[in-house]
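K.L.:
Going down the list, the sequences are from chains A and B. Sequential numbering of the first sequence, starting at 4, is according to the numbering used here. Sequential numbering of the second sequence, starting at 10, is according to the numbering used here.
In short, the hints are calculated from the structure, not lab data. Be aware that a few hints might be false.
To spell it out: a stretch of chain A is covered by chain B in this simulated footprint if at least three of its residues, at any positions, have a beta carbon under 8 Å from a beta carbon of chain B; those stretches are [said to hold, decoys possible]: (1) 257-263; (2) 408-416.
Over the 12 Å line for every Cβ pair with chain B, so calculated as not near, a few chain A residues [unchecked claim]: (3) Trp36; (4) Arg62; (5) Pro94; (6) Val435.
Each residue gets a CB set at the ideal place from its N, CA and C atoms; glycine is no exception.
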Amino acid sequence: MTTVPNAYLSSVLSGEAAAWPLGRFNAAGPLGWFHQLRADAFERASALTVPTVRDEDWRFTDLSPLYRLAFRPSRAGGMVSGATIASLSLPETTTRLVFVDGQFNAALSTPALTGNVIVAPLAGAVSDYAAIIRARLGQIAPIERDAFRAINTTYLNDGAFVFAGRNASHPSPIHVLNIATQAEAAIHNRMLVIAEAGAKLTVIEDYVALGDRVYCVNAVTEVDVADNAKVRLIKLQREGSQAFHLSASAARVQQAGQYRSNTISLGARISRETIGIELAGPGAGCELDGLTLINGRQLADTHSFIDHRAPHCTSRQLHKCVAGDTAHAVFNGRILVRQDAQQTNSAQESRNLLLSPRAHVDTKPQLEILADDVKCSHGATVGQLDEEEMFYLRSRGLPESQARNLLTYAFAAAIVDRIGIPTLVDRLHQAVMEQTRTKDSL
Amino acid sequence: MIRAGAPVLLEVRDLRAKVSGIEILKGMNLTIRAGEIHAIMGPNGSGKSTFAKVLSGHPDYTVTAGTTLLDGKSIFELPPEERARAGLFLGFQYPVEIPGVANAQFLRLTYNTIQGAHGKDELDPLEFDDFVREKMKLLEMDPAFLDRSVNEGFSGGEKKRNEILQMALLEPKLAFLDETDSGLDIDALRIVAGGVNTLANANNAVVLVTHYQRLLNYIIPDYVHVMEGGRILKTGGKDLALELESRGYDWVAAAVAS
Chain A
4 MTTVPNAYLS SVLSGEAAAW PLGRFNAAGP LGWFHQLRAD AFERASALTV PTVRDEDWRF
64 TDLSPLYRLA FRPSRAGGMV SGATIASLSL PETTTRLVFV DGQFNAALST PALTGNVIVA
124 PLAGAVSDYA AIIRARLGQI APIERDAFRA INTTYLNDGA FVFAGRNASH PSPIHVLNIA
184 TQAEAAIHNR MLVIAEAGAK LTVIEDYVAL GDRVYCVNAV TEVDVADNAK VRLIKLQREG
244 SQAFHLSASA ARVQQAGQYR SNTISLGARI SRETIGIELA GPGAGCELDG LTLINGRQLA
304 DTHSFIDHRA PHCTSRQLHK CVAGDTAHAV FNGRILVRQD AQQTNSAQES RNLLLSPRAH
364 VDTKPQLEIL ADDVKCSHGA TVGQLDEEEM FYLRSRGLPE SQARNLLTYA FAAAIVDRIG
424 IPTLVDRLHQ AVMEQTRTKD SL
Chain B
10 MIRAGAPVLL EVRDLRAKVS GIEILKGMNL TIRAGEIHAI MGPNGSGKST FAKVLSGHPD
70 YTVTAGTTLL DGKSIFELPP EERARAGLFL GFQYPVEIPG VANAQFLRLT YNTIQGAHGK
130 DELDPLEFDD FVREKMKLLE MDPAFLDRSV NEGFSGGEKK RNEILQMALL EPKLAFLDET
190 DSGLDIDALR IVAGGVNTLA NANNAVVLVT HYQRLLNYII PDYVHVMEGG RILKTGGKDL
250 ALELESRGYD WVAAAVAS
């Protein structure tokens with residue numbers, strides 16, 4: 004129990020949030036299940052306490068700067084120009100949902116409602132596809148023990164709904180663009196991705212900000228990967244430098260399904276990625292690539308949990324952190340191989356680079372194996388650049404500082420390259436270039 | 010090609026060097042003149058690769074005695090990058106993979122750095138693309154290797170071709186090729202050797218560090234040196250390599266001892 008006055012919690016759980024489920028709650032109507040989900044979440048959020056550094060899962064990530072601030076629910080009416088959208092859109096994508104301060108913006112969006120693929124705002128979809136959504140929403144990322152998910156679910160009235168039916172696929176990546184424009188806003192983004200058996204989807208979950216304001220994004224993404232389906236989630240966190248970004252993404256992967264994610268964290272003053280992957284069916288697999296690239300006073304925390312519940316599953320994870328100035332990066336990667344998960348093949352690697360003596364990284368790979376016939380490896384390095392790579396570049400005439408910059412850039416760019424969408428890769432290379440240049444050499 | 014009056018490019022005198030506190034080079038002496046091709050042979054652990062790394066300035070190696078002049082100037086005070094700019098090139102035995110750096114970007118950066126050091130014009134990406142593609146033909150390299158990360162996932166032969174491509178771009182005065190033939194099949198060996206032969210001229214010199222005589226069928230050396238125990242035990246012409254191939258190395262040490 005926290006006894007500290009918590010401006011954040013009292014502000015987000017008062018007023019509108021409290022009024023909505025109670026005031027308009029209608030258990031008997033067609034959306035009774037949805038109202039109930041929110042009402043339960045509100046009850047849960049009110050009962051839970053927000054985490055502090057005394058919680059093992061949050062010991063390196065002190066959210067007290069967030070808790071001291073009061074936020075109000077974001078409002079509709081955030082202004083985003085067509086030119087801004089043009090600069091953020093990707094030529095490789097044709098389907099796009101734009102949320103401005105968490106509110107769906109129809110004018111800027113190009114949903115898809117063709118054939119067996121649906122990309123649409125969740126607000127309408129909960130009525131149109133109630134059966135499909137009801138079985139998943141709030142089920143893959145449960146709220147019971149997580150205050151932030153409970154708060155997000157309390158505010159759940161819209162979000163992105165991405166669905167591919169049996170054996171369906173979408174010809175291009177689906178861009179879900181979340182733009183923050185308002186100061187002091189609490190923004191509760193939500194996404195539900197469903198790939199039915201044999202379906203294929205690539206989704207870009209993109210967070211950006213206009214201006215440099217204090218706001219808080221508390222996002223939840225749930226991904227359901229059915230038998231033999233393939234889902235790729237590219238998460239880009241490019242929030243403003245004073246923002247808070249708290250994100251939970253949870254995926255459940257059924258038999259022979261494949262889940263692949265690229266998580267790139269560049270922005271926000273304090274950010275937290277909580278990633279949960281459940282390998283639920285035999286032969287399921289996941290590949291997680293992560294890059295945290297921060298400087299100044301930024302803190303970026305990634306906690307991942309890969310749960311091997313079934314036999315013959317594979318998981319591969321590579322997470323890299325590059326921290327400059329006085330930035331603080333955290334990686335905690337837990338892998339659990341349950342007793343039934345025989346023939347598991349799992350590899351996890353945490354690689355970290357510190358660009359200044361005052362930058363800091365806490366990394367903790369955790370492997371718990373309860374099955375006896377498995378192949379698992381994990382490791383972490385914190386350090387300096389590779390000596391042989393440095394020598395190779397210098398032997399070709401590059402001065403030490405230039406070689407160092409190039410290798411630092413490469414360390415991060417190697418993760419960006421795995422995204423495989425050329426325009427996006429180019430833009431991120433620019434961002435990586437800017438962040439990895441040391442001041443003395445230019 | 011041996012020419013009596015050709016300028017001396019490299020002069021190594023009584024060179025001694027250590028790695029991790031252990032002396033590996035124990036009095037190397039070598040003189041290389043412009044236009045010459047030298048081969049350094051010798052058993053494992055004789056100090057051949059150490060010699061290459063010491064010359065190019067690898068930070069793990071410490072020079073404890075002796076002098077080395079490149080083009081008349083002492084090099085041991087210089088960091089590796091300045092030795093490269095002075096015209097020294099090391100073809101790596103194990104070229105380093107650098108994921109995240111496109112080969113084209115790397116090649117242009119090194120090319121422009123060396124050009125800049127010589128006061129010559131640098132090339133922009135488009136100009137360089139034309140230029141490098143022309144050079145790649147020499148080594149029968151697929152231009153697709155420009156877009157890949159430096160050496161990442163390249164086969165052994167592709168890595169070695171990429172090394173010789175760098176030699177072609179940087180036009181060093183003295184190229185030290187450390188076991189460039191290892192891991193090459195016969196076709197790759199022919200191509201790589203052809204590249205080296207094209208690049209060798211009257212103004213530069215090439216040193217081949219190799220275990221096998223096979224490479225020397227393709228690149229004919231003017232001198233063959235046998236290294237053992239950190240120094241050169243014997244120097245001969247190209248026929249010495251054939252003799253080593255048939256008789257091994259032991260007789261050289263025995264002959265020197267007697």
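K.L.:
All hints, please: hold or fail.
P.N.:
Consistency of the hints with the structure:
Against chain B, the region 257-263 of chain A contributes 0 residues with a C-beta closer than 8 Å to a partner C-beta. That does not satisfy the three-residue criterion, and the hint is violated. For the region 408-416 of chain A, the proposed coverage by chain B is satisfied: 7 residues have a C-beta within less than 8 Å of a C-beta in that chain, meeting the threshold of three. At roughly 47 Å from the closest C-beta of chain B, the C-beta of A/Trp36 stays outside 12 Å, upholding its exclusion from the interface. The Cβ of A/Arg62 sits about 32 Å from the closest Cβ of chain B, beyond the 12 Å cut-off, so the non-interface label holds.
Residue-level check passed: A/Pro94 sits 19 Å from the nearest beta carbon of chain B, beyond 12 Å. The Cβ of A/Val435 sits about 9 Å from the closest Cβ of chain B, inside the 12 Å cut-off, so the non-interface label is violated.
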